[in-house]
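Protein sequences, first through last, are from chains A and B. Residue numbers for the first sequence follow our numbering, beginning at 1 and rising by one. Residue numbers for the second sequence follow our numbering, beginning at 1 and rising by one.
A few of these clues could be false.
Each pair may be met inside one copy or between any two copies, as identical chains are not told apart.
With a straight-line cut-off of 20 Å between C-alpha atoms, the simulated SDA-like cross-links for lysine to any residue are [stated by the list, open to error]:
{"no.": "1", "residue 1": "K154", "residue 2": "D21"}
{"no.": "2", "residue 1": "K154", "residue 2": "D84"}
{"no.": "3", "residue 1": "K154", "residue 2": "D22"}
{"no.": "4", "residue 1": "K39", "residue 2": "L255"}
{"no.": "5", "residue 1": "K154", "residue 2": "A10"}
{"no.": "6", "residue 1": "K154", "residue 2": "W57"}
{"no.": "7", "residue 1": "K154", "residue 2": "R25"}
{"no.": "8", "residue 1": "K92", "residue 2": "E189"}
{"no.": "9", "residue 1": "K39", "residue 2": "D11"}
{"no.": "10", "residue 1": "K154", "residue 2": "R249"}
{"no.": "11", "residue 1": "K154", "residue 2": "R226"}
Since the hints were derived computationally from the structure, they do not count as laboratory data.
2 protein chains.
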Amino acid sequence: MEDWRAAVEADLDRLLGSDGDDPGRLREAMRYAVLGGGKRLRPIMTFAACVAAGGDWPAARPAAAAVELLHAYTLVHDDLPAMDNDLVRRGKPTVHVAFGHAEAILVGDALLTAAFGALAPLGPRAGDAVAVLARRAGVAELLGGQARDISGAKPDSLEALERLHAGKTGALFAAAAELGAVCAGADEELRGRLARFGMAYGIAFQHVDDRDDGDHPALAAGAGQRIVELGAEMDRLLAPLGEQAAALRALAQRLR
Amino acid sequence: MEDWRAAVEADLDRLLGSDGDDPGRLREAMRYAVLGGGKRLRPIMTFAACVAAGGDWPAARPAAAAVELLHAYTLVHDDLPAMDNDLVRRGKPTVHVAFGHAEAILVGDALLTAAFGALAPLGPRAGDAVAVLARRAGVAELLGGQARDISGAKPDSLEALERLHAGKTGALFAAAAELGAVCAGADEELRGRLARFGMAYGIAFQHVDDRDDGDHPALAAGAGQRIVELGAEMDRLLAPLGEQAAALRALAQRLR
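The whole structure should be built from the sequences, with the hints applied where relevant.
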């Protein structure tokens, strides 16, 4: 996985090239938001899914960069004063604090635009890839989840909590996994299987995060049970893929 | 052109379908921002460029919808309190006034996401189309222009004014025209020619707009001269295309 991480770092650095003039320091702020931090879990999911689907991992490089750029945009816009008004991320001032409020809106817009642009080199597979990313990152999933989150209503059931997790976290992991499959030239069945894996991973990831942070204590017992169930579901989804799915299995193992 | 306008209205209505639940009223706000208003100049440019490049206009429907969705996103984010803080657009409260500040950020994000998603049905041409739209709408052009604009420095020369116009208005018209060419399967030379036409149109459009609004009076004489020069440039760019370029010529004629 270190090779994958290095590949995506190099691709992000290249895509966020600092040549050209830089009105409003947008380019500088994009690099600040994306480079030098982050576990790159979503790109790693994309590479692992590509391999699980029988592809060569470098075929997934455009998609891996795209999901990380998209993730970075969600963080920049989430942190805005009108949203969560977060002042610090990964130990550094957030983009709107460091570069200005209007600039941070534009930086998020630019990262989202760059995310789709990163898919263009997929050539004949670009149409499918764009469709996957737009659907998962759009109003039906990711942005609908954000809208639900800012409404401020606390989820009052495990179902409501998982709906929130599915939108805010699951959607992008599902996209990451399905994009890996698209880059491998997988058929519909396999694309759907890996997308469901990504969704289960994302929801479990968020339950584990809640557990570690002590969030939603009233729902913690049910969520703990769901971590086990989602782990079993991930195992089941990967079972037919054999050794090719070893990297995805390793990702899932860490969420126990 | 009425057929083209009707086609893009129908496509926008379909793409912004109101089925599914609507947390935060994002879907409702997207429809509010896009439907029932607007001259649809950018989609018309896309259709006209497709025909000028020898294509059948319906081939450009995905791209026409994409440029209008992208235009709508720029308006929603431009109007935000941290940007221009506009309260009224086309005689109606702006999205952040009608739906809330955080919601308006998400609505713009959702429209930008939907713009790229709209290109997916282009299939083998989707990759080229995504590359064109991401480059023109990204930090190098449109968003760089926005960043320059919010810096608040008044352009002190005709060159500085045109750089602003090129980013804020020219970039998206250039994308609209080049996307029409991409949908027609045009070669590099013709794509470039139509992109230059779109850029000249966008800059002239903004000079005419300034003239009508009395903006930038100190630069008005030079800008008036530039409207004439850009008109001649547009004529020259279209000359080799003959009758196929009639609709583009009609668009250019209106900017005298």
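Taking the hints in turn, this is what the structure says about them:
{"no.": "1", "hint": "K154 <-> D21", "in the structure": "between (45 Å within a copy, 18 Å between copies)"}
{"no.": "2", "hint": "K154 <-> D84", "in the structure": "within (15 Å within a copy, 33 Å between copies)"}
{"no.": "3", "hint": "K154 <-> D22", "in the structure": "between (41 Å within a copy, 17 Å between copies)"}
{"no.": "4", "hint": "K39 <-> L255", "in the structure": "within (15 Å within a copy, 52 Å between copies)"}
{"no.": "5", "hint": "K154 <-> A10", "in the structure": "neither (40 Å within a copy, 38 Å between copies)"}
{"no.": "6", "hint": "K154 <-> W57", "in the structure": "neither (40 Å within a copy, 49 Å between copies)"}
{"no.": "7", "hint": "K154 <-> R25", "in the structure": "between (37 Å within a copy, 18 Å between copies)"}
{"no.": "8", "hint": "K92 <-> E189", "in the structure": "neither (42 Å within a copy, 47 Å between copies)"}
{"no.": "9", "hint": "K39 <-> D11", "in the structure": "within (15 Å within a copy, 40 Å between copies)"}
{"no.": "10", "hint": "K154 <-> R249", "in the structure": "neither (32 Å within a copy, 57 Å between copies)"}
{"no.": "11", "hint": "K154 <-> R226", "in the structure": "within (19 Å within a copy, 58 Å between copies)"}
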